[in-house]
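J.: Now for the letters of each chain:
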Amino acid sequence: MKAFARLYAAIDATMRTTEKVDAMVEYFRAAGGKSRSLASLGMTEMTDPKDAAWAVYFLSGGRSKRLIPVRRLATWAMEEAKIPEWLFNESYEAVGDLAETMSLLLPDAIASTDIPLHRWIGERLLPLGKQSEAAQRETIVQAWRELSGNERFIWNKLITGAFRVGVSQQLVVRALSRASGVDEGVIAHRLSGTWNPEGESFSALIATETQDADISKPYPFYLAYPIEDELEELGAPNEWQAEWKWDGIRSQVIRREGRTFIWSRGEELITDRFPEIAAAAEFLPDGTVIDGEIMPWKDGKPLPFAQLQRRIGRKALGAKILSEVPVVSIAYDLLEIDGRDVRGESMGWRRAKLTEVLAAARAAAFVLSPTVPLTIWNDARNAFAEARERSAEGLMLKKLDGAYGVGRRKGGWWKWKVQPFTADAVLIYAQAGSGRRASLHTDYTFGVWDKGTLVPFAKAYSGLTDDEIRELDAWIRKNTLEKFGPVRHVKHEHVFELGFEGIQPSSRHKSGVAVRFPRILKWRTDKKPEEADTIETLHALMAPTP
Amino acid sequence: MLLRLAEGGLYCEAGDFYIDPWEPVDRAVITHAHGDHARWGCSSYLGSREGGGVLRTRLGPASSIREAEWGEVVDINGVHVSLHPAGHILGSAQVRVEHRGEVWVASGDYKTDPDPTCTPFELVRCHTFITESTFGLPIYRWTPEGEVFDEIRTWWSANRDAGRASVMFAYALGKAQRLLAGLADADIGPVFTHGAVERLNRDYRDGGIRLANTQYATAMPRGTQFAGSLIVAPPSAAGSMWLRRFGEVSSGFASGWMRIRGARRRRALDRGFVLSDHADWPALLSTIENTGAERVWVTHGTREPLVRWLTERGLEAKAVVSQWTGEEDNDPVEIAGEEITA
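The listed protein sequences correspond, in order, to chains A and B.
Numbering of the first sequence is given in our numbering, commencing with residue 1 and proceeding in unit increments.
Numbering of the second sequence is given in our numbering, commencing with residue 1001 and proceeding in unit increments.
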């Protein structure tokens, strides 16, 4: 546990990605990665590979099940800390994190042990689920008395099922790759799906034989830059291909050796999430890789992104949701054909081949990305003006003679995004954030005018600078009209320009509308609350339902 | 009531004076030189001898300041006023007010932990104790100073080995000097300071406080290499152009607020060091108890929990809403007559 706590502290103690990765590499090397100079790394002992397996699991976002109700834990913590419930609650409000609050309130440890992580998990944590309440209390309180500082915090996070580290799975993969010398794609594949830290061995994860993983490997995604200049600067319109820009899930569909793999841009394997596309991929010839956008799609038209979110949030995909929110892959590029990497071919060539491949597959879940005819640049401008009506996010412009690049590169692909919807709204409620924003009021609810009263219509958490957050927080504290638990009703004084991506009628919201991805664009200190928008203005933004 | 809350601040009617007023008044008794306690524009000030230098730096040399020794009784219209060390920063005082056998003590800001830059806190028995409560929740428990300084040294040496400068943000008056005093014998490479810190270092050194040797960063010639050094700057310097000259840095912040992980994370700092010039929760409780006071006013910070805790233990406690804040992390440092930006 100590080594893991040190790793956690090292990751937590830096804002630099490279240092986070370095810390993980050091830890994994000590657990049997390619270790050349343990002594120079300050490692006096090896990390048990069983610990490392759990570390991989937790670092890459795996959760422990919550085995004890948090209220019960909180009660034991209060008893140990000898403080009343109201004071515990006040403390929790200031910290914003239950595991941390308990760690800070509990008396200092009176003993010290260095039981390895896997035994903490296997012998103390996992059995909790089957224990009586008294036995649970005994285990938990004993742990509190043995652990201090970060270790206690981590333990509390684990028992509340809320352990999170500030690294992405991609970084964990990178660190494992560096520690072992095994390719990142191979590690990512081995970790994908249901990797179980109890059953799987760490050494298998970093083993150098690679045949199993190769076939799933995606290509790095080519990403577009936002267009900055006038279209005319791009040269002749006939050198370009224009397509609608869709707001879905960027993904690669891989069909190799009779198997299908769907990867998201975050290099997450999402094959199981989209059975329709996985099924359609069986009609693709072996050695095919298609780049596209997964979209909720019905009757030849896109559904709002919110519908796709309903699906993403679910563990099990029932027949109902599958029929309500079917998906397709809007296919726009072909990266591999007959097992050959064709990213170096021109866009025009790849598009032609893609058209052939899809025509041969005749699978409804693959929709060839529609293009916009371009004779003069104004064709693009006219199409762009229609984008929102078509539920598209804007236009993509791709150079016809360009290759498929790696990562975000200027030149070949440009994105031209529709500006977000905006409205001026008044701050009505504020609530303290959690995590890094605990104890500052950072969760805001905004309202627009409806016949002389403000109706809440959007919540936003982002868009202000840290300085503005602090300034607003100070104002909120001084201008609270009422408190409902953690929520403060504040004076109707400050106006903010909010941006949002979509707006839909909603019976679940008091205002009658639901907006997508609202965020603060600007603190309109120049506006008085009376000048904020009305609900009628919002209704007018809603496109007629298709 | 010997003291009451008036428009301009905490007021003693019998003696016709204010303690740390927030509006200009005729007679002000000042606990310490932080901006929320010592404000410009009063006709006369009474402060501690020990804090005279910093108070003059804050208020300007033209201010009429009477300096009193620790414990010296000053008669103000028949009311006996004396100053007693509060242990918060150099010269910080508690104000003891006695009239017709009734004793009140206003703490200003205080801490009971050791600090080489000021006279240690003195417990003063009283009937009514007016306390701060900046860290008035049981989540605030300080680590011994020695451990914190060890952590700082370890952080600095890891940065030095990585070829980086260590930038430590610390409140320019008090915390910065406590750091520099704590590191005076630490064999830590060159130490550079921000102008706001350096100006106040002078007052501390004039007051006989031994600080680590420092150099004023802005005065260093172009091309100076800062890798491996420690830079002490006020929190307001975070994210400023001024920081660019130091090249690659690791940032740290020394403050009691750093006890909470989220408080560090939201400032995007690399490291937080829990080093406070205020009493933590156990120290607040023990101090209040040891003063023997039956009545307790809580003026600033997290007031309500402390008031409730004390009330449940049979004391007559109440929250008194002052304009004191305890030091907020980003208070600009005000120095009279000087434009100190970097």
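Derived from the structure by calculation, the hints contain no laboratory data.
Keep in mind that a hint or two might mislead.
Stated by the list, open to error - Calculated lysine-lysine pairs in the BS3-like style (CA-CA distance at most 25 Å, straight line): (1) A:298 - A:245; (2) A:483 - A:510; (3) A:483 - B:1318; (4) B:1318 - A:527; (5) A:478 - A:522; (6) A:527 - A:491; (7) A:245 - A:301; (8) A:522 - A:459; (9) A:82 - B:1318.
J.: For every hint, state whether the structure bears it out.
T.: Each hint tested on the structure:
no. : hint           : verdict
1   : A:298 - A:245  : 18 Å, holds
2   : A:483 - A:510  : 20 Å, holds
3   : A:483 - B:1318 : 20 Å, holds
4   : B:1318 - A:527 : 39 Å, violated
5   : A:478 - A:522  : 22 Å, holds
6   : A:527 - A:491  : 15 Å, holds
7   : A:245 - A:301  : 14 Å, holds
8   : A:522 - A:459  : 15 Å, holds
9   : A:82 - B:1318  : 23 Å, holds
Hint 4 from the earlier list is the only one contradicted by this structure; the remaining hints agree with it.
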